[in-house]
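**Q** Now for the letters of each chain:
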Amino acid sequence: MARYVDILFRHWTRFAVILFLLPTPISIATLIYFRTYQAATDIWVENPTYFGSSTNLVGSSGISGWNQYLTPAQNEADELNQYLQTTSFLYAVGDRMAADGMSDAKERNKLITSIPKNLKVTPNGSHLVAITFSCSLASECTETLKATIVVFQDRLTEALKAQEQLSTTFLQSQVAAAQQRSNDSEVALQKYISEHPGLPLTLTSGQTGIPQLDQLVTRAQQDRDTLTQLQSQLGQAQYTFAAADQFIRTSTKVIDNPGITAGGFLGDGSSLKRAAVVWLAAVGVAAVYLALLVWMDKTARDVRELAGRLSVPVLATVPLLTAKERF
Amino acid sequence: MRAYPEAGPTKALPDPSESLDTALSPRPAMPGYVARNEDVLLGFTLPPQFIDRCRQAYLRIPHDPDDGPRQIGVTSASHGEGKTSIALGLATAIAADTLEPTLLLECDLERGSLDRRLGFKRTPGLSDWLDGESRLRVLRAAPLPNLFVIPAGSATIDPARVFYQLSESRLMAELQPRFANIVIDLPPVLDIAYGSLASKLADRIVLVARYGETLVEDLEKVSFLLGRERLCGIILNGTEYRTPNWLRRLL
Numbered sequence: 001m002a003r004y005v006d007i008l009f010r011h012w013t014r015f016a017v018i019l020f021l022l023p024t025p026i027s028i029a030t031l032i033y034f035r036t037y038q039a040a041t042d043i044w045v046e047n048p049t050y051f052g053s054s055t056n057l058v059g060s061s062g063i064s065g066w067n068q069y070l071t072p073a074q075n076e077a078d079e080l081n082q083y084l085q086t087t088s089f090l091y092a093v094g095d096r097m098a099a100d101g102m103s104d105a106k107e108r109n110k111l112i113t114s115i116p117k118n119l120k121v122t123p124n125g126s127h128l129v130a131i132t133f134s135c136s137l138a139s140e141c142t143e144t145l146k147a148t149i150v151v152f153q154d155r156l157t158e159a160l161k162a163q164e165q166l167s168t169t170f171l172q173s174q175v176a177a178a179q180q181r182s183n184d185s186e187v188a189l190q191k192y193i194s195e196h197p198g199l200p201l202t203l204t205s206g207q208t209g210i211p212q213l214d215q216l217v218t219r220a221q222q223d224r225d226t227l228t229q230l231q232s233q234l235g236q237a238q239y240t241f242a243a244a245d246q247f248i249r250t251s252t253k254v255i256d257n258p259g260i261t262a263g264g265f266l267g268d269g270s271s272l273k274r275a276a277v278v279w280l281a282a283v284g285v286a287a288v289y290l291a292l293l294v295w296m297d298k299t300a301r302d303v304r305e306l307a308g309r310l311s312v313p314v315l316a317t318v319p320l321l322t323a324k325e326r327f
Numbered sequence: 328m329r330a331y332p333e334a335g336p337t338k339a340l341p342d343p344s345e346s347l348d349t350a351l352s353p354r355p356a357m358p359g360y361v362a363r364n365e366d367v368l369l370g371f372t373l374p375p376q377f378i379d380r381c382r383q384a385y386l387r388i389p390h391d392p393d394d395g396p397r398q399i400g401v402t403s404a405s406h407g408e409g410k411t412s413i414a415l416g417l418a419t420a421i422a423a424d425t426l427e428p429t430l431l432l433e434c435d436l437e438r439g440s441l442d443r444r445l446g447f448k449r450t451p452g453l454s455d456w457l458d459g460e461s462r463l464r465v466l467r468a469a470p471l472p473n474l475f476v477i478p479a480g481s482a483t484i485d486p487a488r489v490f491y492q493l494s495e496s497r498l499m500a501e502l503q504p505r506f507a508n509i510v511i512d513l514p515p516v517l518d519i520a521y522g523s524l525a526s527k528l529a530d531r532i533v534l535v536a537r538y539g540e541t542l543v544e545d546l547e548k549v550s551f552l553l554g555r556e557r558l559c560g561i562i563l564n565g566t567e568y569r570t571p572n573w574l575r576r577l578l
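Keeping their order, the protein sequence lines are chains L and F.
Following the numbering used here, the numbering of the first sequence begins with 1 at its first residue and continues without gaps.
Following the numbering used here, the numbering of the second sequence begins with 328 at its first residue and continues without gaps.
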């Protein structure tokens, strides 16, 4: 060890060049060339129960992929992270940016290809999702973030609409069937009444004392109730479908609009990381060079090494005499 | 550089004791004694912190006075690692601390450098005495009164023969009773073929390594050639730690 340190200090100018003079301009150039900006935004995600249990946003049959054991923020972050891995989502963000006025296709492509790497989605508490995006131009960062959020909300809306459409179609068929059953029950009841004149007037109670009549009355009542319930559900689903966009925008509110939070030389820290990598590489080169020098140096330097290898004591070390002291 | 000696009967070496006695107790009237001004080196100073590190080194070498004079050989793997400086520093520190007669014997016959460092004439010296061409020249290294130097002398083209002669001579036997401490500046082990032969002059050897230059592998070779039992330690010379002290303490 002493040998390494001694050689390091002996050739300190060389090591200074390797460790400082060479990497410093490269690091500075890295900081300047790879300047980054970081835009950030916060989204508040409502718990689906906020809309009441009757909507399809709620419960196990609610939003697809919604895990009831995670917080809303975690669910939302997970969903957005998954979307970010899809090409269609990224293209949609690109289209949105083009629509917002970013005309340079090359720049757009560069930005959207960097989204999976540079866009970070982090749940921050139970309902807050922090989204950050880093790029080389401040305006592009915020635009990309805005476009991403809009596309994300559009995707959620589309998913909700598709789900609601499916349930609406299903409910419509259910209502039609219930309607048919109710009509049939009513027809059967009316037929029975017309065939048996002089029946008591309290038909709706279902306790006429005539078993056949009671059964017909009860069945007609049940079919009416079912129909009413299904119609109500259908109405709600149709409403949700119509207001899906509003639901999504309300459930995922942008609390802080996209804005630049870090910029310039430091930016998101990636330029600093690059500078650190340059410096680490310089340290690596210096370490290899030092090891090489030590390996090549077979001369007597280290007292302990000498004593160990020759098995004789080192009686004294005599310092190098200065020019004035020499005799 | 001196040529090979002509073939013929080997010259008898002059008796070293005469020179040694003269050096230790200078008597100007003694025959063979060179002028006193040439025998005493001009005062030299070593950096105090350097001496201190050398002191730290010699104190860590175990020495029992009952075993005879302290005799330390200083060598290195190759030339230029600071072995002569360390030998001079060790000799100075020992002489200053013990106040006993201390000798620095320069045995790096091919590339001796003490004369340049301390400013005296290279010849005559050890190699000249071994060739029987002069008396043994012993210099006193001022300002210490008890530090003496025997210079290497003329460079020779057959140092191996000279070292053989040296090992056969009774020089070390003559030196030991007169000097309580003898520091021998040996030639480097790997640069020359007779390094191992030269290192036999000393019982205990200190190996000098230059920080950031000497290969550990070379030190291992030297350790193997000299034998671990004779190697009493390493002095890491010319250390230049760039690491802050507080950090080095943590490591």
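Quick caveat, the hints were computed from the structure, so don't treat them as lab data.
We treat Cβ as the ideally placed atom computed from N, Cα and C, and that holds for glycine.
Heads up, a few of these hints could be off.
[To be verified] Computed footprint of chain L on chain F; a stretch qualifies when at least three of its residues, placed anywhere within it, have a C-beta under 8 Å from a C-beta of chain L:
#1 373-381
#2 463-470
#3 529-541
#4 551-562
[Said to hold, decoys possible] Derived CB-CB ranges, DEER-like:
#5 F:Pro472 x L:Arg3: 29 to 35 Å
#6 L:Trp12 x F:Glu547: 45 to 51 Å
#7 F:Ile388 x L:Leu292: 37 to 43 Å
#8 F:Leu524 x L:Arg309: 21 to 27 Å
#9 F:Leu524 x L:Trp12: 17 to 23 Å
#10 F:Asp485 x L:Trp12: 56 to 62 Å
#11 L:Arg3 x F:Pro392: 19 to 25 Å
#12 F:Glu547 x L:Leu292: 21 to 27 Å
#13 F:Glu547 x L:Thr24: 29 to 35 Å
#14 L:Val285 x F:Glu547: 31 to 37 Å
#15 L:Val285 x F:Ala469: 56 to 62 Å
#16 F:Arg438 x L:Arg3: 37 to 43 Å
[What the hints assert, rightly or not] If we take Cβ atoms under 8 Å as the criterion, some of the chain L residues that face chain F in the derived model are:
#17 Val5
#18 Lys110
#19 Leu128
#20 Thr132
#21 Leu290
#22 Val294
#23 Met296
#24 Ala300
#25 Arg301
#26 Leu306
#27 Val312
#28 Pro319
#29 Leu320
**Q** State for each hint whether it applies.
**A** Do the hints match the structure? See the list:
| no. | hint | result |
| --- | --- | --- |
| 1 | 373-381 | holds (count 6) |
| 2 | 463-470 | violated (count 0) |
| 3 | 529-541 | holds (count 8) |
| 4 | 551-562 | holds (count 6) |
| 5 | F:Pro472 x L:Arg3: 29 to 35 Å | 44 Å, violated |
| 6 | L:Trp12 x F:Glu547: 45 to 51 Å | 30 Å, violated |
| 7 | F:Ile388 x L:Leu292: 37 to 43 Å | 38 Å, holds |
| 8 | F:Leu524 x L:Arg309: 21 to 27 Å | 26 Å, holds |
| 9 | F:Leu524 x L:Trp12: 17 to 23 Å | 45 Å, violated |
| 10 | F:Asp485 x L:Trp12: 56 to 62 Å | 49 Å, violated |
| 11 | L:Arg3 x F:Pro392: 19 to 25 Å | 40 Å, violated |
| 12 | F:Glu547 x L:Leu292: 21 to 27 Å | 23 Å, holds |
| 13 | F:Glu547 x L:Thr24: 29 to 35 Å | 44 Å, violated |
| 14 | L:Val285 x F:Glu547: 31 to 37 Å | 33 Å, holds |
| 15 | L:Val285 x F:Ala469: 56 to 62 Å | 57 Å, holds |
| 16 | F:Arg438 x L:Arg3: 37 to 43 Å | 31 Å, violated |
| 17 | Val5 | 5 Å, holds |
| 18 | Lys110 | 50 Å, violated |
| 19 | Leu128 | 51 Å, violated |
| 20 | Thr132 | 44 Å, violated |
| 21 | Leu290 | 13 Å, violated |
| 22 | Val294 | 13 Å, violated |
| 23 | Met296 | 12 Å, violated |
| 24 | Ala300 | 4 Å, holds |
| 25 | Arg301 | 6 Å, holds |
| 26 | Leu306 | 6 Å, holds |
| 27 | Val312 | 5 Å, holds |
| 28 | Pro319 | 5 Å, holds |
| 29 | Leu320 | 4 Å, holds |
Checked against the numbered hints above, the structure breaks hints 2, 5, 6, 9, 10, 11, 13, 16, 18, 19, 20, 21, 22 and 23 and satisfies the rest.
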